[in-house]
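Each chain, written out:
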Amino acid sequence: MRPQELAAWDIPALRRGSADLAHVAESTRAWVLRGDAIGAALATPEAWDGPASEAALSTLHTWLAVAGRLNPALEALAAGLTEAVTWYAQAQEAAATALRAAADAGITVGTDGVVGQPPGPTARMDAEQVAAAAEREAAARAVQAQLDEAFRLAARGDALVASDVGVFTGLEIPGFAAGSTFVDLMAALSVTVESAGRLPTVPAGADPVVVAAWWAALSLDSQLRLAREQPELIGDLDGVPAWARDLANRVLLDEALRELSAQAAGQQPDPLFTPMNEDLYFALAVHEALAQAEAQGRPAQLYLFDLQAGLAAISVGDLDTADSVAVIVPGTGVDVTGDMSAQVARAAEVWAATEPLDESEDVAVLAWIGYDTPNYVEAASQWNAVAGAPLLAATVGGLTARPGNSPRTTIIAHSYGTVTTAEAGEEPGELGADAVVLVGSPGTRGTAGDFDLPDERVFVGEAGDDWIADTWVHGVDPSWEWWYGGTCIDADMPEIEDSDHYHYFDPDSQALHNMALIVQGRYRSVVGCDD
Amino acid sequence: MSTLTFQIAVLDAAAESLSAVAAAVSLAGSEGRAAISMMSRAVPGSAVSTHLTAVPIEQLAGSVSAQCRQIAQRVAGGAQTYRDMEAALHSGMVAARGTLPVPR
Numbered sequence: 001m002r003p004q005e006l007a008a009w010d011i012p013a014l015r016r017g018s019a020d021l022a023h024v025a026e027s028t029r030a031w032v033l034r035g036d037a038i039g040a041a042l043a044t045p046e047a048w049d050g051p052a053s054e055a056a057l058s059t060l061h062t063w064l065a066v067a068g069r070l071n072p073a074l075e076a077l078a079a080g081l082t083e084a085v086t087w088y089a090q091a092q093e094a095a096a097t098a099l100r101a102a103a104d105a106g107i108t109v110g111t112d113g114v115v116g117q118p119p120g121p122t123a124r125m126d127a128e129q130v131a132a133a134a135e136r137e138a139a140a141r142a143v144q145a146q147l148d149e150a151f152r153l154a155a156r157g158d159a160l161v162a163s164d165v166g167v168f169t170g171l172e173i174p175g176f177a178a179g180s181t182f183v184d185l186m187a188a189l190s191v192t193v194e195s196a197g198r199l200p201t202v203p204a205g206a207d208p209v210v211v212a213a214w215w216a217a218l219s220l221d222s223q224l225r226l227a228r229e230q231p232e233l234i235g236d237l238d239g240v241p242a243w244a245r246d247l248a249n250r251v252l253l254d255e256a257l258r259e260l261s262a263q264a265a266g267q268q269p270d271p272l273f274t275p276m277n278e279d280l281y282f283a284l285a286v287h288e289a290l291a292q293a294e295a296q297g298r299p300a301q302l303y304l305f306d307l308q309a310g311l312a313a314i315s316v317g318d319l320d321t322a323d324s325v326a327v328i329v330p331g332t333g334v335d336v337t338g339d340m341s342a343q344v345a346r347a348a349e350v351w352a353a354t355e356p357l358d359e360s361e362d363v364a365v366l367a368w369i370g371y372d373t374p375n376y377v378e379a380a381s382q383w384n385a386v387a388g389a390p391l392l393a394a395t396v397g398g399l400t401a402r403p404g405n406s407p408r409t410t411i412i413a414h415s416y417g418t419v420t421t422a423e424a425g426e427e428p429g430e431l432g433a434d435a436v437v438l439v440g441s442p443g444t445r446g447t448a449g450d451f452d453l454p455d456e457r458v459f460v461g462e463a464g465d466d467w468i469a470d471t472w473v474h475g476v477d478p479s480w481e482w483w484y485g486g487t488c489i490d491a492d493m494p495e496i497e498d499s500d501h502y503h504y505f506d507p508d509s510q511a512l513h514n515m516a517l518i519v520q521g522r523y524r525s526v527v528g529c530d531d
Numbered sequence: 532m533s534t535l536t537f538q539i540a541v542l543d544a545a546a547e548s549l550s551a552v553a554a555a556v557s558l559a560g561s562e563g564r565a566a567i568s569m570m571s572r573a574v575p576g577s578a579v580s581t582h583l584t585a586v587p588i589e590q591l592a593g594s595v596s597a598q599c600r601q602i603a604q605r606v607a608g609g610a611q612t613y614r615d616m617e618a619a620l621h622s623g624m625v626a627a628r629g630t631l632p633v634p635r
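So the protein lines, in turn, are chains A and B. Using the working numbering, the letters of the first sequence map in sequence onto residues 1 to 531. Using the working numbering, the letters of the second sequence map in sequence onto residues 532 to 635.
Only chain A is shown next, with the shape it has when bound in the complex (with noise of 0.2 Å):
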């Protein structure tokens, strides 16, 4: 630290912040007190009675140890922070007052602290003269002892400050991270809630709203319990929030890299032929996808890892939290083991394209392999579009589902995606989605009426050089017959070259662009195919 950055520190400021802070750090005492006398008033058998109490109840309890916890560290980082301002306040002064006698001297002070040394005294000099070099030496030497005493008192100062946070670092609290939920907080500060007794029954199979109220009916420790101990029933089941969705698939995917390793190691090579572990590579596949979300500095969930079916799907962004979520819908071709990290990669183009539009606006993007995608002979039926309208269709009403405040939702399908969304808009019951985006569609059965949507929510394209678009495969083209219906938007790519069927989520491109408006619900602003 330079001496005239420490002599121009602005104490007041700290003061201020210092207390600000030891304001927050007391008010945790009220919310646990308060938490308390909430929880007391509801225990009371006449006011709340049965399951729904006891659920109820539970949470609180549990809220009211981590808050608990957390209080005491608070209070102990402020408490230490107040006595280090006195500190680094005294550091200040004695910077300061160093540098004002330094330049008073004329005696010089480097960025490093050191104080230049003036000549000294000399055989040639009078008496006069020796006199002041002395006194220039002396001075110089008392310039140097107060701004070490300067630097002493900020390191002080400083090590209150480390120890304090450590307090934190103790907790693992700096490894609690923007999107990290209540149950990583938990975990940060060991709290652990009862984990005996039967666990309830979960509702596989049922409607995402009755799922998602059933859900919402459980305590929390019931809630991690069947996240952890039946992850096969949690992870896939549509209406569970996504948080703990993905603690149980975390599971599931540590569970089968674990296993799938041991069983890799365990094989004897075969001289002539080398087995693929195709499930392996599968779940190493997921794995690197997820890790490449988590690397985009958002939370990254894994909503769906079914390593049977061949199904994963990982977001860009919480989807419990967000005011705005997307799911992109895949084609042909797509599968786990080879795409989803390239799955993952467009769904942080699509999450990059809108933090620009609305920075306040909180959206996930989901890259959903959710359905076996055609290989490029199936590519010709209707049967793999048929068989996953369902899957898309319950995803959307799982991430709906969300009690409270449903997000807006946008599905994004490309090529046979499109056939596929097509087909979930034909599903009994409404989609739920609150637009369709189509792009690059070889064609599909209906019209965007099937949507249930007004025509300026349902938004089709294609680019010029995109002749898989043009082969009409599955019915009529989107973005070409006008009695459709829908919006037509601009997803020409001139900006790219060789822009054609796989470029609808370039980087800067219009259709890219065109997505990021439609997610966050700005459709007015959508350039369309006639702007």
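It should be emphasised that the hints constitute simulated quantities derived from the structure, not laboratory data. Check each hint, because a few of them may be wrong.
To be verified - Simulated restraints on C-beta separations:
1) Ala-544(B) / Gly-429(A): 54 to 60 Å
2) Thr-581(B) / Ala-217(A): 42 to 48 Å
3) Tyr-523(A) / Asp-615(B): 36 to 42 Å
4) Asp-615(B) / Glu-481(A): 47 to 53 Å
Don't be surprised by glycine CBs; every beta carbon is placed ideally from N, CA and C.
We have chain A already, so just place chain B on it with the hints.
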């Protein structure tokens, strides 16, 4: 005051209080972040600017607040259940009054 009315009142009050706590926690998180930011700018080069900024106070508060809000929603759900029961009882009594002779 009937038992149901009393229960609804207790649960409504609890839900409201929990919502208020959730809002207070969220606000405290913002205040904490602002305080740390102010201190970090005030003493550049010190441990305040190098270490303290690593404390994710706003994220912590956000998580605690969100959980508290969820509990408030549960309690509000309980109040609504009792409210529905009360309405059902009331309509049942009205219907009975119209069809049955009033006992004397």
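Here's how the hints hold up against the structure:
Between Ala-544(B) and Gly-429(A) the beta carbons are some 38 Å apart, a value that contradicts the proposed interval 54 to 60 Å. Between Thr-581(B) and Ala-217(A) the beta carbon distance is about 46 Å. The supplied range of 42 to 48 Å therefore holds. A hinted range of 36 to 42 Å for the beta carbons of Tyr-523(A) and Asp-615(B) is consistent with their spacing of about 37 Å. Checked against the hint of 47 to 53 Å, the pair Asp-615(B) and Glu-481(A) passes, with Cβ atoms roughly 49 Å apart.
Consistency note: the structure conflicts with earlier hint 1 alone.
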